[in-house]
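Work out the full structure, taking the sequences as your base and the hints as a guide.
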Amino acid sequence: MSAVTDSVRIEPSGNPVMQSLRDSLVVTKRNLIRMTRIPEMVIFGLIQPVMFVVLFSYVFGGSIQVGSTASSESYREFLMAGIFAQTVTFATAGAGAGIADDMHKGLIDRFRSLPMARGAVLTGRTLADLVQTTLTVVVLALVALIVGWRTHENIGKVLAGFLLLLLLGYAFSWIGALIGLSVRTPEAATSGGLIWLFPLTFISNAFVDANQMPTVLRHIAEWNPFSATVQACRELFGNIPPGFRTPEAWPMQHPILASVIWSLLIIAVFRTLAVRKYRSASA
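Take 1 as the starting number for the sequence shown in the UniProt record's numbering and just add one per residue.
Read the hints as simulated data drawn from the structure, not as lab findings.
Just so it is clear, CB atoms sit at the ideal spot from N, CA and C, and this is done for glycine as well.
Fair warning: there could be bad hints in the mix.
The calculated DSS-like cross-link candidates involving lysine-lysine, where the alpha carbons are at most 30 angstroms apart (straight line), are [claimed, not checked]: (1) Lys29 / Lys277; (2) Lys105 / Lys29; (3) Lys157 / Lys277.
Quick list of simulated restraints, FRET-style, between CB atoms [what the hints assert, rightly or not]: (4) Leu217 / Val269: 20 to 26 angstroms; (5) Val139 / Glu73: 44 to 50 angstroms; (6) Phe60 / Asn15: 49 to 55 angstroms.
See the structure below:
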């Protein structure tokens, strides 16, 4: 029956771009409905970043020097851009696990029998994850305001900072999509989506001043795509600590541009690889 279905599968007709967009939105809606029916997915996704905010603010605040001060207030403002960026990138594991779960349950095979764009399944999933990430960031920002985080720039720059964070999160969701297509179980996708994120986020400027790192680690941190977004958000939020010396590396001197370039490059590369993997897996 499967062979017959594959042989008579109707190809998408009409404008391919509009067809892909419509199909992607349908899959996005399907995934958002699924999230609302499993609210613990959203709740558990909120708990971890909130814990990070509270723990880093009150446990490490006042004991880590950034710039010329070690005050808890300055460190809290320095920290928040890193926590925001870590939160949006850790959504990678959820994206990978969701796609691996669909593959494991045979849902992808059902999509194959429909006249829909091949890349729509992955695009719809990543867009749904972007909506969930946006909700998480909003809640996290409210918690950060409660513990004392403040911005010191106009609303336009603050919103631009959050848009950079969401762009980074969307880019990393494509890495998660590729991982989800490359493993056999959702559990493996979760592990594979997290194991490389820890060194990426900690060998960066997210939690400490990269100037204080050993030379090799400092260079890695300065050219880390994660660091570019963190530095850009600190500038846009007005959270640069007093006496902070900006590293001379190009991404740190031009963090906003570097953040956009890194994110778009990641999307271009990993979306291409993920769609190709999807097509080969469903051939």
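Here is what the structure says about each hint:
For the hint linking Lys29 to Lys277, the alpha-carbon distance of about 23 angstroms falls within 30 angstroms, and the restraint holds. Using a Cα cut-off of 30 angstroms, the hinted pair Lys105 and Lys29 holds, with the two alpha carbons roughly 19 angstroms apart. Proximity of Lys157 to Lys277 is assessed by CA-CA distance (about 38 angstroms); at most 30 angstroms being required, the pair is judged violated. Between Leu217 and Val269 the Cβ separation comes to about 25 angstroms, which falls inside the hinted range of 20 to 26 angstroms.
Checked against the hint of 44 to 50 angstroms, the C-beta distance between Val139 and Glu73 comes to roughly 22 angstroms, which is inconsistent with it. The hint said 49 to 55 angstroms for the Cβ distance between Phe60 and Asn15, and at roughly 53 angstroms that hint holds.
Hint violations for this structure: numbers 3 and 5, all remaining hints satisfied.
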